[in-house]
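Colleague: Sequence:
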Amino acid sequence: MTPLSRRHLMAATGAASAALVLPTFVRAQGRTLRILVGFPPGGGTDAIARLIGEALKGELGATVVVENKAGAGGQLAAHALKAAAPDGNTVFISHDHTISILPLVSKTPGFDPAKDFVPVGGFASFVNAFAVSPGTPARTMDEYVAWLRSTGGGKGTVGVPAPASTPEFLVKVLGGRYKLDLVPVPYRGSAPMMGDMLGNQIAAGVGSVPDFIENHRAGRLRVLAVLGRARQAALPEVPSFGEMGLTGFDDLPYYGFWAPAGTPAAAVEGFSQALARAMAKPEVRERLGQLGLAVDVMNPAQLATREASYTRNWAEIIKRSGFQPQ
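Throughout the sequence shown, residue numbering follows the working numbering, covering 1 to 326 in sequence.
Keep in mind the hints are simulated off the structure, nothing from the lab. The structure presented is a predicted model; accordingly, all values stated were derived computationally and were not measured. Mixed in with the good hints there might be a few duds.
[To be verified] Okay, the calculated beta carbon distance ranges per label pair:
hint: 1; residue 1: ASP142; residue 2: THR247; range: 16 to 24 Å
hint: 2; residue 1: GLY248; residue 2: GLY219; range: 28 to 36 Å
hint: 3; residue 1: ASP250; residue 2: LYS172; range: 15 to 23 Å
[Claimed, not checked] Below are the DSSO-like pairs computed for lysine-lysine, each with C-alpha atoms no more than 27 Å apart in a straight line:
hint: 4; residue 1: LYS107; residue 2: LYS172
hint: 5; residue 1: LYS179; residue 2: LYS319
hint: 6; residue 1: LYS57; residue 2: LYS281
hint: 7; residue 1: LYS172; residue 2: LYS319
Even glycine gets a Cβ: it sits at the ideal position worked out from N, Cα and C.
Throw the hints in and build the complete structure from the sequences for me.
Modeller: Here it is, written out as structure tokens:
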């Protein structure tokens with residue numbers, strides 16, 4: 001065999017080997033990657049999905065479509081992921097609520113993350129926050145507490161993006177902390193909750209910083225405090241509940257992507273690497289920071305560990321609250 005022939009053979013063999021291991025997510029030229037979102041358009045998760053979807057187009061060489069399947073705190077989107085073909089063309093973007101909390105608070109969630117999904121990559125953490133509507137005069141938590149006691153006898157309603165969610169449990173904790181009768185009002189996502197807050201239909205709400213941050217900056221509502229020990233870089237003027245003595249919520253919620261169980265390992269790894277490249281783009285990191293997220297890239301194994309730790313932590317909090325799965 002001539003040297004030229006050997007080179008041709010080696011090149012062909014290398015190309016064939018690369019084709020065997022080239023992940024489906026990267027080989028999706030002319031195909032469509034669906035990103036399932038469990039909440040309505042206009043909310044924080046939807047905005048994040050569209051931002052990352054745009055960044056992933058070039059990394060994956062695919063058309064990327066964001067598909068909103070709102071309802072039941074992300075449950076409908078989770079069911080859609082479970083039913084999707086494990087061919088590397090469907091992923092689910094979710095935060096802690098659907099993946100970690102729903103299986104703890106529902107007797108029949110209709111999915112088991114450990115069996116029905118595979119983690120493919122995490123990208124950020126965030127904190128929840130307490131905000132008030134423009135018609136609520138309070139500008140600090142102390143002012144809110146005083147206002148509620150003077151106008152409502154210490155009883156008030158607080159919107160939350162989903163029933164039996166982390167924000168709902170936080171409302172109960174805050175009620176106990178400030179000796180108020182706070183009643184959580186569940187919505188089908190943060191967008192309708194914010195619509196009622198902006199219209200002064202409800203005086204306050206608990207949701208993620210990404211849910212509130214744009215309206216807070218525009219002066220359309222006011223974030224009074226954020227969860228965790230420290231203030232957030234995106235909202236340096238807003239105090240943390242840790243500063244006020246409310247502890248026990250230091251395990252920050254997270255965002256990640258999941259695929260249907262059975263998705264090829266090469267496809268999972270390909271998406272994870274593409275996500276890491278997208279997260280390395282300065283403009284993506286800057287925009288996520290503006291939305292109140294802290295970029296925290298996790299490979300599949302790291303995301304699985306984060307999910308397990310968060311689930312254990314909240315299982316104990318939910319148990320202490322006396323909540324019974326519905």
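Colleague: For each hint, tell me whether it holds in the structure or not.
Modeller: Status of each hint after checking the structure:
no.: 1; hint: ASP142 <-> THR247: 16 to 24 Å; in the structure: holds (18 Å)
no.: 2; hint: GLY248 <-> GLY219: 28 to 36 Å; in the structure: holds (32 Å)
no.: 3; hint: ASP250 <-> LYS172: 15 to 23 Å; in the structure: holds (18 Å)
no.: 4; hint: LYS107 <-> LYS172; in the structure: holds (21 Å)
no.: 5; hint: LYS179 <-> LYS319; in the structure: holds (21 Å)
no.: 6; hint: LYS57 <-> LYS281; in the structure: holds (13 Å)
no.: 7; hint: LYS172 <-> LYS319; in the structure: holds (13 Å)
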